[in-house]
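Number of protein chains: 2
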Amino acid sequence: MSVTAAQGFSAAGLAAGIKADGSPDLALVVNDGPGTAAAGVFTSNRVKAAPVVWCEQVLGAGRVTAVVLNSGGANACTGPEGFQDTVATARRAAEVLGGRDAGTVAVASTGLIGVRLPMDRLLEGVEQAAAELSADGGERAAVAIRTTDTVHKTAAVTRDGWTVGGMAKGAGMLAPGLATMLVVLTTDADLDAGTLDKALRESTRQTFDRIDSDGCMSTNDTVLLLASGASGVVPEYDAFAEAVRAVCGDLAGQLLADAEGSSKEIRIEVVNAATEDDAVEVGRAVARSNLLKCAVHGEDPNWGRVLSAIGTTSAAFDPDRLDIAINGVWVCREGAVGEDRDTVDMRDRKVVITADLASGSASATIWTNDLTAAYVHENSAYAS
Amino acid sequence: MSVTAAQGFSAAGLAAGIKADGSPDLALVVNDGPGTAAAGVFTSNRVKAAPVVWCEQVLGAGRVTAVVLNSGGANACTGPEGFQDTVATARRAAEVLGGRDAGTVAVASTGLIGVRLPMDRLLEGVEQAAAELSADGGERAAVAIRTTDTVHKTAAVTRDGWTVGGMAKGAGMLAPGLATMLVVLTTDADLDAGTLDKALRESTRQTFDRIDSDGCMSTNDTVLLLASGASGVVPEYDAFAEAVRAVCGDLAGQLLADAEGSSKEIRIEVVNAATEDDAVEVGRAVARSNLLKCAVHGEDPNWGRVLSAIGTTSAAFDPDRLDIAINGVWVCREGAVGEDRDTVDMRDRKVVITADLASGSASATIWTNDLTAAYVHENSAYAS
Numbered sequence: 001m002s003v004t005a006a007q008g009f010s011a012a013g014l015a016a017g018i019k020a021d022g023s024p025d026l027a028l029v030v031n032d033g034p035g036t037a038a039a040g041v042f043t044s045n046r047v048k049a050a051p052v053v054w055c056e057q058v059l060g061a062g063r064v065t066a067v068v069l070n071s072g073g074a075n076a077c078t079g080p081e082g083f084q085d086t087v088a089t090a091r092r093a094a095e096v097l098g099g100r101d102a103g104t105v106a107v108a109s110t111g112l113i114g115v116r117l118p119m120d121r122l123l124e125g126v127e128q129a130a131a132e133l134s135a136d137g138g139e140r141a142a143v144a145i146r147t148t149d150t151v152h153k154t155a156a157v158t159r160d161g162w163t164v165g166g167m168a169k170g171a172g173m174l175a176p177g178l179a180t181m182l183v184v185l186t187t188d189a190d191l192d193a194g195t196l197d198k199a200l201r202e203s204t205r206q207t208f209d210r211i212d213s214d215g216c217m218s219t220n221d222t223v224l225l226l227a228s229g230a231s232g233v234v235p236e237y238d239a240f241a242e243a244v245r246a247v248c249g250d251l252a253g254q255l256l257a258d259a260e261g262s263s264k265e266i267r268i269e270v271v272n273a274a275t276e277d278d279a280v281e282v283g284r285a286v287a288r289s290n291l292l293k294c295a296v297h298g299e300d301p302n303w304g305r306v307l308s309a310i311g312t313t314s315a316a317f318d319p320d321r322l323d324i325a326i327n328g329v330w331v332c333r334e335g336a337v338g339e340d341r342d343t344v345d346m347r348d349r350k351v352v353i354t355a356d357l358a359s360g361s362a363s364a365t366i367w368t369n370d371l372t373a374a375y376v377h378e379n380s381a382y383a384s
Numbered sequence: 001m002s003v004t005a006a007q008g009f010s011a012a013g014l015a016a017g018i019k020a021d022g023s024p025d026l027a028l029v030v031n032d033g034p035g036t037a038a039a040g041v042f043t044s045n046r047v048k049a050a051p052v053v054w055c056e057q058v059l060g061a062g063r064v065t066a067v068v069l070n071s072g073g074a075n076a077c078t079g080p081e082g083f084q085d086t087v088a089t090a091r092r093a094a095e096v097l098g099g100r101d102a103g104t105v106a107v108a109s110t111g112l113i114g115v116r117l118p119m120d121r122l123l124e125g126v127e128q129a130a131a132e133l134s135a136d137g138g139e140r141a142a143v144a145i146r147t148t149d150t151v152h153k154t155a156a157v158t159r160d161g162w163t164v165g166g167m168a169k170g171a172g173m174l175a176p177g178l179a180t181m182l183v184v185l186t187t188d189a190d191l192d193a194g195t196l197d198k199a200l201r202e203s204t205r206q207t208f209d210r211i212d213s214d215g216c217m218s219t220n221d222t223v224l225l226l227a228s229g230a231s232g233v234v235p236e237y238d239a240f241a242e243a244v245r246a247v248c249g250d251l252a253g254q255l256l257a258d259a260e261g262s263s264k265e266i267r268i269e270v271v272n273a274a275t276e277d278d279a280v281e282v283g284r285a286v287a288r289s290n291l292l293k294c295a296v297h298g299e300d301p302n303w304g305r306v307l308s309a310i311g312t313t314s315a316a317f318d319p320d321r322l323d324i325a326i327n328g329v330w331v332c333r334e335g336a337v338g339e340d341r342d343t344v345d346m347r348d349r350k351v352v353i354t355a356d357l358a359s360g361s362a363s364a365t366i367w368t369n370d371l372t373a374a375y376v377h378e379n380s381a382y383a384s
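In order, the protein sequence lines correspond to chains A and B.
Using UniProt numbering, read the first sequence as starting at 1 and increasing by one per residue.
Using UniProt numbering, read the second sequence as starting at 1 and increasing by one per residue.
It should be emphasised that the hints constitute simulated quantities derived from the structure, not laboratory data.
Fair warning: there could be bad hints in the mix.
[Claimed, not checked] Some chain A residues near chain B, calculated using beta-carbon distances under 10 Å:
# : residue
1 : ASP32
2 : ALA74
3 : GLU127
4 : GLN128
5 : ILE310
6 : THR312
If you're wondering where the values come from, they're calculated on a predicted model, not measured in any experiment.
Beta carbons: idealized from backbone N, C-alpha and C, even for Gly.
Working from the sequences, and respecting the hints, build out all of it.
Below, the structure written as structure tokens:
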């Protein structure tokens, strides 16, 4: 049920002393092969942390034999020194793993930015993690990458003789400091880097890219997919892509459920859009409306705030033909008052908002959460 | 110091019974001439309230002899019936003001959307307001357009024999329900509609358009400028535009200072940008970062959140050359750690964030406020 669910992987997680409170903060995931193919997707923020810049270079060659992840420090905006720290981390891991190529060791970091990592402790932690690697270490690795996550997050699916597993930390863009999402996926299917890349991009586009908890984008977001080929099975592309999507969807749901300070999970379904891009644009605009997110927190079916968010987009629609449902009640019909808003029951943690653009047949779903005083509290008190 | 500061205007404000709590909710501003030239700018939201649609038609002819404003209901998303309500309001005002042309009566509304206005009470209120018009009624009019504004907002400047005055309600996009900004400006300068339009657009672009309290956009935003010509003075364009800008800037500052739930006013100065558009894009991205707004609330000089917001824009900049100052302390130099963040004093209500893009010589300033638990509370409890 984790990064060690697939054959050919071992992992470890421990407290290296990077976090001041002594909780686990270092994870190591090792691909024991025989294959080393890998793919990655990264933040689209133009301000990228050192480990992201490093990983983009590593993934250029399509091979990853190990991943070092740390919480307790993002190593972002740390200048050339920070970049050297990342490289030193990859080198130490390569060395203690029996002379691997440092250029196949990915690194991911999360925590406060603008602060150098305590490299002595981190490098010692890498050595210790290498000594503690085990085929059931996936859960401990998942625990070690948490920041303000209240639970660790893992998932796995097994198909005809092959498995896709993974772990994640973060809460969309909601975690404080910078809100990084780190994900490592593993599989024992035997596939090349190009196939992994295609499946990973398709899956993230429909899962992680569609959760938007507070509209903020991290400098450190990293999603990696490593294939060991240890099952000896070469699955059909469609079956493999479906499995990756299933694991990504599972992890994305866990991220959202654990979003900081949230009391509601909001599913925004945009239907009958002219194009999928339109549907995504509309869903995202609604997901980013602080006024709407406050209203949902207050269990107020304030459909006007949905409409006003839609009105800021460039999507094809006629304002007089928009229909909006909240938890199945069509409170807005043709841009005006619809069914009685007092019949909407919003007491459940899950809330579904449906926007019918009446402009075509495309659709998309965006997931977000409500805006709460707890979010404000956690994100105003973090650094102090 | 209000819409009646300029010669040739009278106004009234009273409680017509539109609001359930009996507080003032109807304002009337009348241009007694001799001139009737006017200009207006409106929300760019594609979902527009009935009074906005009506005003856009009225302003097409460049003449306004009166403005009826109500709080207690936005008359947005109310279908064809809502539009008829707006027209009926203009007609009643035209009638009771001695047979004016209804096509010269502007209407503006603010409050909850998706709810019809109580037209009996509103129309009676219009009659009563017409009977109570006075040359010192500007303050009462400003009081009557408040929703959750804690103070009413007026401003005026007098130049060589002519005056520009005005009133405003709202808090950028921050007020609940939909957060409408309504502004009426008056002048006794003798200018044509084209000149008014040019001055108004230039001024709003640099004032109201650059306050962004929560990124949300109303269906009802309306800014009107009426000229009576009663002073008989035809000012130079530049002098007039400066005066309009001064009044707009004053009112914009008052809106921000009264932003719901805010504890900090944040001035985001973007300097050395390649273009003014780049500077505005960057300033707005920073102003819309919930994480940054929470950090400022917590008096945390978390410059990483500024950097990560800048990284989401398409502006010209090199991440390794970005400098960020908070209250004058350059906490980030060349994209990395700068001066000691512990020396930043953020206790004052006003906070200045400076972002130096090192890419040119253009600049822009965006004003916003912090994100607080009080904001969440006010906007989650509003409709209930």
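Here is what the structure says about each hint:
1. ASP32: Since chain B brings no Cβ nearer than about 36 Å to A/ASP32, farther than 10 Å, the hint is violated.
2. ALA74: Given a least distance of 8 Å, the restraint on A/ALA74 holds.
3. GLU127: violated (28 Å)
4. GLN128: Check failed: Cβ of A/GLN128 comes no nearer than 29 Å to chain B, outside 10 Å.
5. ILE310: holds (7 Å)
6. THR312: holds (5 Å)
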